[in-house]
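Given the sequences, and given the hints that come with them, work out the whole structure.
2 protein chains.
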Amino acid sequence: MTERILVGQLAARTDGPVSVSGWVETVRDQKKVQFVILRDETGAVQLVNPATRPAEDGTSQDAAALELTDAISNLAHGTFLTVTGDLKHDERVKLGGLEIKLHSLQVAAAALPETPIAADSSMDKRMDWRFLDLRQRRNNLIFRVSTTLEHAMRQYWIDRDYIELHSPKLMSSPSESHAELFALDYFGDQTAYLAQSPQHYKQMAQAAGFGKVFEISDVFRADPSFTSRHATEFTSVDAEISWIDSHLDVAAMQEELLATAIQAVKDKHGGEITELFDVEVTVPTLPFPRIPLAQAHEIIKARGYESPRTDGDLDPEGERQISAHVAETYGHQFVFITDYHPEIRPFYHMLDEATGLTRSYDLLFNGVEITTGAQREHRIEVLEAQAVAKGLKLEGLAHYLDFFRYGMPPHGGFGMGLARVLMLLLGEASIREVTFLFRGPTRLAP
Amino acid sequence: MTERILVGQLAARTDGPVSVSGWVETVRDQKKVQFVILRDETGAVQLVNPATRPAEDGTSQDAAALELTDAISNLAHGTFLTVTGDLKHDERVKLGGLEIKLHSLQVAAAALPETPIAADSSMDKRMDWRFLDLRQRRNNLIFRVSTTLEHAMRQYWIDRDYIELHSPKLMSSPSESHAELFALDYFGDQTAYLAQSPQHYKQMAQAAGFGKVFEISDVFRADPSFTSRHATEFTSVDAEISWIDSHLDVAAMQEELLATAIQAVKDKHGGEITELFDVEVTVPTLPFPRIPLAQAHEIIKARGYESPRTDGDLDPEGERQISAHVAETYGHQFVFITDYHPEIRPFYHMLDEATGLTRSYDLLFNGVEITTGAQREHRIEVLEAQAVAKGLKLEGLAHYLDFFRYGMPPHGGFGMGLARVLMLLLGEASIREVTFLFRGPTRLAP
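As you go down the protein sequences, you meet chains A and B in turn.
For the first sequence, the positions run 70 to 515 when this note's numbering is used.
For the second sequence, the positions run 70 to 515 when this note's numbering is used.
Fair warning: there could be bad hints in the mix.
If chains are identical, the list can't say which one is meant, so a pair holds when it fits in one copy or spans any two.
SDA-like cross-link-like pairs, simulated, lysine to any residue; straight-line CA separation at most 20 angstroms [as the list claims (entries may be wrong)]: (1) K462 - I449; (2) K163 - L345; (3) K157 - L75; (4) K335 - R206; (5) K337 - Y225.
Because the hints were derived from the structure by calculation, they are not lab data.
Printed below as a string of structure tokens:
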């Protein structure tokens, strides 16, 4: 490696020669002095060069100085380069109170002079040039926050002896339903389907005696919707655990997980998030409020809203209303909505014998659903009956149902969309903003 | 949660009432006494019950005792259940020096009486019933080792401020070559391809100024081969870093990463690995040996072997030979083979100006290639010329090439097959043994 100093390390360094590498954010090419803002993954620093211009009277000038001045004049925004120079701490410099007086400049790869996007470009245009869009400090922070959030979740699970899964995304039968399914030819003689979730396999891990598992990986939905919350490929955060008494044991794990992970984000990035997103990261208190669905409907009705859905589920505005109620009543950003009717739940959710409702929940965060969790039906006879009651063909579920024939512990788990959590944590308007490269019905590139 | 005690916690517990949950590994149903081995994810424990049989003379017996004895007699292997009983430490008990005298037994889900696989079943049969196969202690350990290995790698990167990526697996153009490519219909008007690697996108992250990135995720190859080292879907461990001087900077990171991760595995599972796999985990010393490809050919020739490949690459036996040489000469399990000819490397590998060879390496571990690493060509003119020289159409690479037009730092990285590392670490014969659910040309289920 070169003796490269990260911009973030400069403040702690004494004055003297340094070498930094990054890209050109701005150039101010004045007659007598040139300023360059150079950014790397840790910050930005001002470079300064007293311009040496060809003398109008033809007096000879220092060739190297002329060349350096000329090189700076010709720098396009975005060009990656390495510079050497003298670091000087100077309180008068707005940007971090320091600057580097340039000695030399070495371009690694020059940018074309016309940048195809600007700060006010449309989202679609920004997605076309996502690698330029991601150079913004704000966008870079999103993915550092994501990294911290994920690692804290994994650490929570590792500390509790969970096993990390990599379940297959190529399947011989759908993992959830026959809707929204991507299919592909598999060696000319079979059809493979892309996993809509790791549901089958994280349950299989329970039959395998793994006890507690998690997986963070991409899943696929051939969903033609264009909302701010949907994508055709997204990162799903999944966990599944054995020997639970009900879905509330899953909820208890998930709320502790989230509080731990959000605490880690606040500790590491809280200040920067406030600066760049104008959001104060709030670590949620435990337990999160829990409200049965029927009661949620009464609450929002009392607020003057009724969900237009005929299936009894909350619509997006209903989710916002109940979250507003929870925020006002409990000062909480999260709420578990519980006790869903089996008609609006998949066949594998366990039913509560007393109420006939599912042992399941949705978790809402700042008004948007981020999770469905449930206890699963582990008794094969009941499971088959529930599948048949939903009109499913048992043959299509053969592999899945086999998992239950040779012993299975009571178990449950949840799936959570990583991008939704990030969107809501940072107060962004769309998961597109917090996804590295969004995929939608008309978006397959770059 | 029930007041469940994990089997692994029993040894430290004083004698008295306990409740444990798990599955039936064996039943010994003797006339006067019954023994059950119950296993959970942390270990196995012996349950004992003095049998109460219907008296031949018709004397009345304790109904509950009769029922418990009968229930044990009818337990099928694999049945998941919760038992309560009195824990008793007793040095005469072979299995861990303790047993539980049963009070009660509650079956969660009974197994069918005939288990479809046995210890000596073929690999294909075991894969059909993978969830039963995975109940073996040895197989369970594989995935605990995998979890530890991965987490240690991620921790290494997190400690060094890498950003974790989730790059899309659905792409509008191939990420590596047009061979071995899965294609699918995308909403009726486009063809999507499944990512063969995150290559394009981890390079895009360099153009985005992310500096250092990693990703651990599944990638897809429509590879019709049936070797012990190939799969159509596998977990790829990828990293990419900016501002390197050459591929040797990538190698230096990778060897440190592996040494750190293998140390973590040894610390946490070393004893158990030796017990169950008869393998002594060796933490590799740094640096790993580095041998240019041309010299490797000379070395194996001197050992009496010549690679039959006409393209100048090592064949599998050649890899075993050079690894044997390294083991004998340096006592090392790893070796970097460097300086590959551009003909056997992708177009995006950077060439060394002095030698005309690529700035790339393969990493061999115990005789098998686990990684290709390289410095990438970051200069758009050179990159385009190298693509054309390989006969590639630039139009097909348009999105990728765009990443290089607006500034790009020098960079490089590696991709490593997780299953290969696990296979070689544990001395297994095939990646199928260390993959949760293997996918091959004729294997798409369960």
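Is it within, between, both or neither when you check K335 against R206 at 20 angstroms Cα-Cα? within (18 angstroms within a copy, 40 angstroms between copies)
Intra/inter-copy verdict for K157 and L75 if alpha-carbon distance must be at most 20 angstroms: Cα proximity of K157 and L75: one copy only (15 angstroms, versus 61 angstroms across).
As a check of your reading, is K462 near I449 (CA-CA no more than 20 angstroms) within one copy, between copies, both or neither? within (15 angstroms within a copy, 54 angstroms between copies)
Within a copy, between copies, both or neither: which one fits K337 and Y225 at a CA-CA cutoff of 20 angstroms? Both ways: K337 and Y225 sit 16 angstroms apart in one copy and 17 angstroms across, limit 20 angstroms.
Treating 20 angstroms as the Cα threshold, decide for K163 and L345: within, between, both or neither. Within. Shortest intra-copy distance 18 angstroms satisfies the 20 angstroms Cα cut-off; inter-copy 62 angstroms does not.
Checked against the numbered hints given earlier, this structure breaks none of them.
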